[in-house]
Amino acid sequence: MKPFAVALAALFASAAGAGSPPASTAGMGPPRGQPLSGAALDARTEDVGGLLRCPVCQGLSVADSPSTMARNMKAEVREKLAAGYDQEQILAYFERSYGEFVRLEPSLHGVNWVVWFGPILALLAGGAAIAWALKRTGRKASVDSSAPAADLPARDTLPGDEQLAAAVRRVRALAYGWPGGIPPKAAP
Amino acid sequence: MTTALTPGAGTPPQASRINRKVLIAGIAIVVPLLAVLVANLGRDPHTVRSPLVGRQAPPFSLVPVGGGRPVTLESLRGKPAVINFWATWCVPCFEEHAALTAAAKGLRDVQFLGIVYEDDEARTLEFVKQRGSAYPSLMDADGRVAIAYGVFGVPETFFIDGNGRIVEKYVGPLQRSTIAALVEQARGEGR
Amino acid sequence: MLPILGRTLILLALLAASAGAVTGFVTGKNPSPAGWTWTRRLAYAFAAFMVLANLTMEYALLTHDFSVSYVAHVGSRAVPTWVSIVSLWSSLEGSILFWGLVMGAYVAFATWRNADRHPEYMPYAVGVWLACGAFFSFLLAGPAQPFATVANPLADGPGPNPLLQNHYLMVIHPPFLYSGYVGMTIPFGLACAALLVGRLGNDFIRPLRNFLLLSWIFLTCAIVLGGWWAYEVLGWGGYWAWDPVENASFLPWLTATAALHSALLVERKGVLKAWTVILVLSTYLLTILGTFMTRSGVFNSVHSFTQSAIGPTILVFLAAALLFSLALLALRVDTLGADGRLETGPSRDVLFLVQNLLFVLFTFTVLLGTVFPLVVEAVRGVQMSVGRPYFDRMSVPIGVALLFVMGVGPALPWGRATPRQLRSALLPPLVGACLLGAVGLALGVRNPWTVLALFFGGYTAQVTLSEMFLPVRQRMRSHGEGLLEAFRQTQSRGRRRLGAYIVHAGAVVAIVAVAVSSTMGSSKEIQLRKGEATTLGAYTFTFVAAEKVVEPHRDSLLARVDVSKGGRSLGSLYPRMNQYESQREPIGSPAVRSSLTEDLYLSIHNIDTDAGTVGLLVLVNPMVTWIWIATGVMALGGLVALLPRLRSATAPARVAAPSAPIALGGSN
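Residue numbers (our numbering), protein chains in the order written: chain A, 5 to 192; chain B, 771 to 961; chain C, 318 to 985.
If we strip away everything but chain A, and leave its shape as in the complex, we get (with noise of 0.2 Å):
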């Protein structure tokens, strides 16, 4: 029954091909999925514009656009699935005009893995990172217990390095006119 189907879109759509509109489906080969109608055609055929570009509106997608250019390309899509043309065929037959501009997603090819790829290897890599640094400060914990300093009341606190702490003292005398650098609220 279904190759049968199959066979039967084919040549409907060879014969609407030498009939009136013969420039949709040139080059497309035979169709390659399963005829599709009612509900599960209106669901595909939303799917499918979803992922080509408008190419009048830039940015939107033939199923989200309003344009007449983007209705258009997405009534194609509908008898192009109707006749049994699956996703992939379609999309290759727009970008057979548009080129790769057309596709909202970019396909899995050459330098385009990148993109796919990038984020899931930036997620195990940060991840990773993670995963090193806790265990760096676990290791470290465990021979060093002392309090850690972040407890202490840090406003107006000095840096712990000598040279430094003088120059911040410098600096508030210098600044604010406290004698030694020490708020006068805060002196004994």
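Watch out, some of these pointers could steer you wrong.
Unchecked claim - Taking lysine to aspartate or glutamate and the DMTMM-like style, the derived pairs with C-alpha atoms no more than 20 Å apart in a straight line are: (1) B:LYS875 x B:ASP814; (2) C:LYS841 x A:ASP46; (3) C:LYS882 x C:GLU842; (4) A:LYS144 x C:GLU660; (5) B:LYS791 x C:ASP651; (6) B:LYS849 x B:GLU959; (7) B:LYS939 x A:GLU104; (8) C:LYS346 x A:GLU166; (9) C:LYS841 x A:GLU83; (10) B:LYS939 x B:ASP814; (11) C:LYS865 x C:ASP879; (12) A:LYS139 x C:GLU660; (13) C:LYS847 x C:ASP927; (14) B:LYS899 x B:ASP889; (15) C:LYS882 x C:ASP925; (16) C:LYS847 x C:ASP916; (17) B:LYS939 x A:GLU99; (18) B:LYS849 x B:ASP879; (19) C:LYS841 x C:ASP916; (20) C:LYS865 x C:GLU802; (21) C:LYS841 x C:GLU549; (22) B:LYS939 x B:GLU959; (23) C:LYS841 x A:GLU50; (24) B:LYS849 x B:ASP931; (25) B:LYS939 x B:GLU954; (26) B:LYS875 x B:GLU865; (27) B:LYS899 x B:ASP912; (28) C:LYS346 x C:ASP433; (29) A:LYS144 x C:ASP925; (30) B:LYS939 x B:GLU865; (31) C:LYS882 x C:ASP916; (32) C:LYS841 x A:GLU104.
No lab work stands behind these hints: they were computed from the structure.
On the provided structure of chain A, position chains B and C as indicated by the hints.
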């Protein structure tokens, strides 16, 4: 607050030296990013090169404005063709139409064709009547041919050689000199 | 006359900013009271000149002085006064002038607030701000000159972009966006100062965080206002299309959100200082990259301004800022060592790291997708697209993971926890999770990601609410106070904490609303003749009439569509097509009937008043209103967390009151 000025127990800052890891990671991000931005500077993203140039023109069969027998791409075989996508709502198309009409009158061995893009037949007929035309304009009611030719807007013009191969696609209004040059190219490659 | 005045003011601003940048850096290196005083004066002078330059432009716009090139470009005698006022930011040159105004205001405010604090950092910070200010002044003095003299001015101008007049949201969106974008200059300067000084103490993380939060609030509002505008105007029924310009505003928001969280760890634990500084620097650099994206014409976008010499100039500045940041980081980042350490077991600490990783991953993914077509163009010479399907596919798992972390993180205690503590912290919220998940399933949600979003949304909502009211409950128990009194007491003490959880509550609602609205909507395209009706779900739409309305600045075709639900009339909707004189394509104005549960959205494809036919796109979008409400809640939460800090900072003694570590760590 009296003890506030006791030195914090922070790790003493290390002597100023370059953090190699940060530097390398930073360069790995910054340099390619800048290179890509510089490489694309001045490029107009709104003009997309047509992948159809050098390929066989997509076939069509369309009825001329005002009715008549359908014109097919097949029927143009053997001589160069100029296919101009246009519309009456497109202001730059007006002047171009005059240039194309003049060119069509001069170049008898070249088949000129207009394909009407997203426009009304009555309005187109009116326009052609008023301004005159030396070549047929075809109605592309559901935009299928425009889509097959990868049209983004109007005016766009395709130059096709005698074997039905697209030699060049021109975006924007054409001048007479450009038409002549591109027709010459189509003629040369058709031989 | 006005062009010369304007140009003089810009040059003076450039002069003040350049001089201030120099004195700032010199004073930072060799501290002196006079140097600091002069740096401040020059910062105020820069702000004053920017304000005056903007006032000059407003005066020129209002008096229709077409000898000023910008007025000749966007002005018109025909437009209402309010349009003349907002024309300041309607086009490229004016928007950069307005940028200068916002920058001046921020620099003056931040300088004034910290005039007698953080003396070792502030001169550097002001120096960095004014260096950025000098660049934008230079942009205004040269490539983006709005005050060029028009030799033979015309009597009238074309008026601003009709999109600006088409919807009020387009008027208020840019000021929010610039306040968010430009505001990131302040934390950038502070972070650079921390690197230059070689120290990031707890005292200094506060101004850094407060200004980051302030800009974050504006940016959050701006992003959603942009989406709302798209929803109300563009007519395709969505609010976010992952357009490069939309991404440009989203990228710094992501890193800023990450930085706000990591700054908390700096403050509480003394860790992640270098990382926080990197995030703050990245945020600013991404705003400049975003500015380049919108103003260079390199990116293929609906929203971008046209090509000009401004693009290359911004690119030079971006390169300079990138290299400066990179050099500064490489040389000084090791000075920002940790004072404390992180808990390594399952704890809130670790979840903060996971949160940061997810936000940075999100940033990386969006940036990669946005820039990738340019990479391919440069490498292969082929034009390609990375659009909504890609971004949706990538961002949905990250968004759901963030929702998960937002629930689990606050549920976990700081520091180490026993298995029993973990169980009692993590298990109860499963009630909320199952409840919301079940409600979703009962209402017909079938998309697995949406179900997951509802499940985690319920979990996070329960955690957020219980955390929000935990101090209240504790106080009611310990002090025997009533609910209201306890709430008043706790909220005045833990304002920041309360604010943070309000933001979280808003974020949960926003993510759930986005998930539901993008997967549970229904739509239909239909061609109707006068008197015909169509149904979608429980609604019936009847096309009653097509009318033509002529207004002074535009002609409109509108369709009257009566809507009823289950036989009960809901009134009429009037989707329209507005035709402006200066535009060929009409601009659609969809009609939206919003309610808390769902929006009815009608947009015209084509309309023929003579034949009495209309082509309509009819959509039912559930929960969209909740996105706008949730954003308001997030902004409110940000303000709750921010305002007491701004107020109390003027009375520093109260903030500096014994910040015992036990009090900090105990109640959370």
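Here is how each hint holds up against the structure:
no.: 1; hint: B:LYS875 x B:ASP814; result: violated, 35 Å
no.: 2; hint: C:LYS841 x A:ASP46; result: holds, 10 Å
no.: 3; hint: C:LYS882 x C:GLU842; result: holds, 19 Å
no.: 4; hint: A:LYS144 x C:GLU660; result: holds, 12 Å
no.: 5; hint: B:LYS791 x C:ASP651; result: holds, 11 Å
no.: 6; hint: B:LYS849 x B:GLU959; result: holds, 11 Å
no.: 7; hint: B:LYS939 x A:GLU104; result: holds, 17 Å
no.: 8; hint: C:LYS346 x A:GLU166; result: holds, 18 Å
no.: 9; hint: C:LYS841 x A:GLU83; result: holds, 17 Å
no.: 10; hint: B:LYS939 x B:ASP814; result: holds, 17 Å
no.: 11; hint: C:LYS865 x C:ASP879; result: holds, 18 Å
no.: 12; hint: A:LYS139 x C:GLU660; result: holds, 10 Å
no.: 13; hint: C:LYS847 x C:ASP927; result: holds, 11 Å
no.: 14; hint: B:LYS899 x B:ASP889; result: holds, 16 Å
no.: 15; hint: C:LYS882 x C:ASP925; result: violated, 27 Å
no.: 16; hint: C:LYS847 x C:ASP916; result: violated, 24 Å
no.: 17; hint: B:LYS939 x A:GLU99; result: holds, 16 Å
no.: 18; hint: B:LYS849 x B:ASP879; result: holds, 7 Å
no.: 19; hint: C:LYS841 x C:ASP916; result: holds, 14 Å
no.: 20; hint: C:LYS865 x C:GLU802; result: violated, 59 Å
no.: 21; hint: C:LYS841 x C:GLU549; result: holds, 18 Å
no.: 22; hint: B:LYS939 x B:GLU959; result: holds, 15 Å
no.: 23; hint: C:LYS841 x A:GLU50; result: holds, 11 Å
no.: 24; hint: B:LYS849 x B:ASP931; result: holds, 7 Å
no.: 25; hint: B:LYS939 x B:GLU954; result: holds, 14 Å
no.: 26; hint: B:LYS875 x B:GLU865; result: holds, 16 Å
no.: 27; hint: B:LYS899 x B:ASP912; result: violated, 23 Å
no.: 28; hint: C:LYS346 x C:ASP433; result: holds, 18 Å
no.: 29; hint: A:LYS144 x C:ASP925; result: violated, 76 Å
no.: 30; hint: B:LYS939 x B:GLU865; result: holds, 19 Å
no.: 31; hint: C:LYS882 x C:ASP916; result: holds, 13 Å
no.: 32; hint: C:LYS841 x A:GLU104; result: violated, 29 Å
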